[in-house]
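Assembling the complex is the task here: the two chains are given apart, and the hints tell you how they should meet.
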Amino acid sequence: MAIINLKKKEVQAKIVYYGPGRGGKTTNLEYIYKKFRSRIQTEMVTIKTHGDRTLFFDFLPIEIGRIKGYDIRIQLYTVPGQVKYESTRRLVLRGVDGIVFVADSLAVRRKENVLSLKSLADNLSSYKKSISEIPLVFQYNKRDLLDEGIPLLPVEWLEKDLNSKLQAPSFEASALKGPNVVQTMKKIIIMTIDSLRKDLT
Amino acid sequence: MDKQYINDADGQRTYIFTPAMLSQIEAVLAEDLLDVGVHSVTLIDMAGNIISTMDNGENKHDLYSLAALAAGNFGAVSTMAGLIGEEEFSLLFHKGKKENIHFSKVTDEFLLITIFGKEVSLGFLRLKVAEATEKLIGFLKPGS
Numbered sequence: 000m001a002i003i004n005l006k007k008k009e010v011q012a013k014i015v016y017y018g019p020g021r022g023g024k025t026t027n028l029e030y031i032y033k034k035f036r037s038r039i040q041t042e043m044v045t046i047k048t049h050g051d052r053t054l055f056f057d058f059l060p061i062e063i064g065r066i067k068g069y070d071i072r073i074q075l076y077t078v079p080g081q082v083k084y085e086s087t088r089r090l091v092l093r094g095v096d097g098i099v100f101v102a103d104s105l106a107v108r109r110k111e112n113v114l115s116l117k118s119l120a121d122n123l124s125s126y127k128k129s130i131s132e133i134p135l136v137f138q139y140n141k142r143d144l145l146d147e148g149i150p151l152l153p154v155e156w157l158e159k160d161l162n163s164k165l166q167a168p169s170f171e172a173s174a175l176k177g178p179n180v181v182q183t184m185k186k187i188i189i190m191t192i193d194s195l196r197k198d199l200t
Numbered sequence: 000m001d002k003q004y005i006n007d008a009d010g011q012r013t014y015i016f017t018p019a020m021l022s023q024i025e026a027v028l029a030e031d032l033l034d035v036g037v038h039s040v041t042l043i044d045m046a047g048n049i050i051s052t053m054d055n056g057e058n059k060h061d062l063y064s065l066a067a068l069a070a071g072n073f074g075a076v077s078t079m080a081g082l083i084g085e086e087e088f089s090l091l092f093h094k095g096k097k098e099n100i101h102f103s104k105v106t107d108e109f110l111l112i113t114i115f116g117k118e119v120s121l122g123f124l125r126l127k128v129a130e131a132t133e134k135l136i137g138f139l140k141p142g143s
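One line per chain: the protein sequences are A and B, in this order.
Numbering follows numbering that gives the first Met the number 0, in which position 1 of the first sequence is assigned residue number 0; successive positions increment by one, without gaps.
Numbering follows numbering that gives the first Met the number 0, in which position 136 of the second sequence is assigned residue number 135; successive positions increment by one, without gaps.
By construction, these hints were calculated from the structure, which means they are not laboratory data.
Since the model is a prediction, treat every value here as computed from it, not as a measurement.
All the given hints hold, so there is nothing to weed out.
Restricting the straight-line Cα-Cα distance to at most 25 Å, the calculated cross-link-like pairs of lysine-lysine (PhoX-like) are:
1. Lys-117(A) with Lys-159(A)
2. Lys-104(B) with Lys-127(A)
3. Lys-6(A) with Lys-104(B)
4. Lys-34(A) with Lys-176(A)
5. Lys-59(B) with Lys-6(A)
6. Lys-34(A) with Lys-47(A)
7. Lys-164(A) with Lys-110(A)
8. Lys-47(A) with Lys-94(B)
9. Lys-83(A) with Lys-127(A)
10. Lys-140(B) with Lys-8(A)
11. Lys-117(A) with Lys-83(A)
12. Lys-159(A) with Lys-110(A)
13. Lys-140(B) with Lys-6(A)
14. Lys-59(B) with Lys-7(A)
15. Lys-7(A) with Lys-140(B)
16. Lys-197(A) with Lys-67(A)
17. Lys-185(A) with Lys-197(A)
18. Lys-97(B) with Lys-117(B)
19. Lys-6(A) with Lys-134(B)
20. Lys-140(B) with Lys-197(A)
21. Lys-117(B) with Lys-59(B)
22. Lys-96(B) with Lys-117(B)
23. Lys-33(A) with Lys-59(B)
24. Lys-104(B) with Lys-59(B)
25. Lys-8(A) with Lys-59(B)
26. Lys-117(B) with Lys-104(B)
27. Lys-140(B) with Lys-127(A)
28. Lys-7(A) with Lys-134(B)
29. Lys-7(A) with Lys-185(A)
Each pair of labels, with its calculated beta carbon distance range:
30. Lys-110(A) with Glu-118(B): 50 to 60 Å
31. Arg-125(B) with Lys-47(A): 26 to 36 Å
32. Lys-59(B) with Asp-70(A): 18 to 28 Å
33. Glu-133(B) with Phe-35(A): 37 to 47 Å
34. Leu-82(B) with Leu-144(A): 37 to 47 Å
35. Leu-144(A) with Ile-136(B): 45 to 55 Å
36. Ser-120(B) with Val-113(A): 46 to 56 Å
37. Leu-126(B) with Asp-51(A): 38 to 48 Å
38. Arg-125(B) with Lys-159(A): 48 to 58 Å
39. Gly-50(A) with Glu-85(B): 23 to 33 Å
Where a beta carbon is used, it is the ideal one built from N, C-alpha and C, also for glycine.
Just chain B, same shape as in the assembly (with noise of 0.2 Å):
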C-alpha cells in the first residue's frame, strides 16, 4: 500500500494507519509493554478514538469509553497546568488496589494508556514506556 498514513486535506486531519504501520506499533507495545507484564496498552488520538490495543488476555475493559475519558482527562489536566504556569504534565499516574492506570503523552496528538498490576514497578515501568514511546514518535510523526 503506497499510500501516505496522514492526511492533511480540507483542514481537516485524518489518521490513515496502514497494515504495516500497525504492525509495527503492535510489535513495539508487545515487545517494550506486554512482556514485561503489563496487563493491556493502548495507543489513542487525543480526540478520544483507539489506534492500536494489544493484551494480555485476561482483560476485558471496555476500552473505547476508557480512551475517551482518557483524552477528556489528560485535555483537562494539560489545561490545569496551563493555570498554573506549567506548559504540561506530560504523563499521569493512577493507583488503584489491584489495577494501575499510567498515561503518557507520545506526541502532541498521541497518548499511551498502560493498565498495569503489582507485579510491575512504576519506575520500571516509566523506564519502558520512555522507551517504547521513542519508538512510537518515529512511526507517528507527520510526514515520517
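Okay, chain A solo, but in the shape it has when bound (with noise of 0.2 Å):
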C-alpha cells in the first residue's frame, strides 16, 4: 500500500524480501546497508533470536532520489523464513508494493524453495493481491559457492521450478559477496515505481 503525499512531494513504498530460511534475505538487507551506508540515515532494524535467525523482521529504509519530481522512499523488509513463522511472514506482507524472492540456489534446497513460493502466493492472496501481479523479482542467491564445488541447482532448474509461469526478471547472485545484489534491488525499485507511475502526476 503505498502512500503518495502531494504536499512533501514524497512517495512511500515497502518493498519484501521473501524466501526459505537461510537463503541470504537478511545478508541482502546488510550489503546494501553497507553498500549505501551515506544514503541511510538510521540504523538497520533487526528483530532476531538468540540464534541469530529473523524473528520477525529486518527494515531498511532508503531514500533513492526523485522520479517525476517526488522523492522516493523505499521500506527494505525482510520476512523470516523458517516454516514455523508463517503467522509473521503474513504479518510483513501487509500493504506490500514489491517483492524480491531470494531462492537458495544450493541443491539440497530444491523443495524448501517451491514451498516457499507457494507459501508466499497464499499469503498474498489472503489480502487480495496476486502474486503474478504484484511488481516480483527472483534472486537466485549463493551462486559463489559453485567455485568451491558445492552442488548447486542449476539456473535453469530455478527457473523451471519457480519462474517458468510467472516469467519474472532473475538474477544469479551472491548476496555475501556483492554480485547483482543491488541490480536485485534496482529491478525491483524500477518495477515498483512504475506501477505506481500513472498515480505521479
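Below is the structure:
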C-alpha cells in the first residue's frame, strides 16, 4: 500500500524480501546497508532470535532520489524464513508493493524454495493480491558457492521450478559477496515505482 | 487538486494524500494532541508507512523505524487477540521512565502513535486520542 504525499511530494513504498530460511534475505539487506551507508540516515532494524535468525523482520529505509519530482522513499523488509513463522511472514507482507524472492541455489534446498514460493502466493492472496500481478523479481542466491565445488541447482532448474509461469526478471547473485545484489534491488524498485507511475502527476 | 486521494486500481490500493487532506490531518494532530503536551504524534498505515507526523521540536526519534516496528507490533498483537478469541485489542500502551508510547487504531488501515511524558496523564491522553481519532476517521474513510 504505497503512500503518495502530494504536500511533501514524497512516495513511500514497501518492498519485501521473501524466501526460504537461511537463503540470504537478511544478507541482502546487510550488503545494501553497507554499500549505501552514506545515503541511509538510520540504523538497520533487526528483530532476531539469540541464534541470529530473523524472528520478525529486518527493516531498512532507503531514499533513492527523485522521480517525476517526487522524493522516493523505499522501505525494505525481510520476512523470517523458518517454516514455523508463517503468521509472522503474513504480517510483514501487509501493504507490500513489490517482492524479491530470494531462492537458495543449494541443491539440497530445491523443495524449500518451491514451498516458500507457494506460501508467498497463499499469503498474498490473503490480502487479495496476486503473485502474478504484483511487481516481483527472483534472485538465485549463493551462486559464488559453485567455485567452491558445492552442489548447486542449475539456473535452468530454478527457472523451471519457480519462474516458468510467472516469467519475472531473475538474477544470479551472491548476497554475501555482492554480485547482483544492487541490481536485484534496482530492478524491483523500478518495477514498483513503475506500477505507481500513473498516480504521479 | 481534484484528484481522489484514495485509488483502488489493479487490486492494489494506493493512498494519495492531497495537501488539503494533510493540512486537515495536521491540524487535528496539532490541536488535539500536541497542544495538550504530547511530545510527538504520528499517523501511520498498517504497512508501516508514515502519513503525517508532528512533534514539539524537542524530539529526534527515528520515526521511520518506529513506524515499521509499531505496525509490526500492532499486527502481532492483533494476531494474539485472535488466538484468545478477541476480535482485536484496539489500543496498546507502553510505559517508560521518561517517555511513554500509546498506539491506537484509527481505522483498519491506519494507526496513531503518540509519545508523551509524565506531564500528561494516561486517562487524559486516551480521551484526547479518542477525540482526534473520531475526526481522523472522517478524513480517512474510503470514499470520504
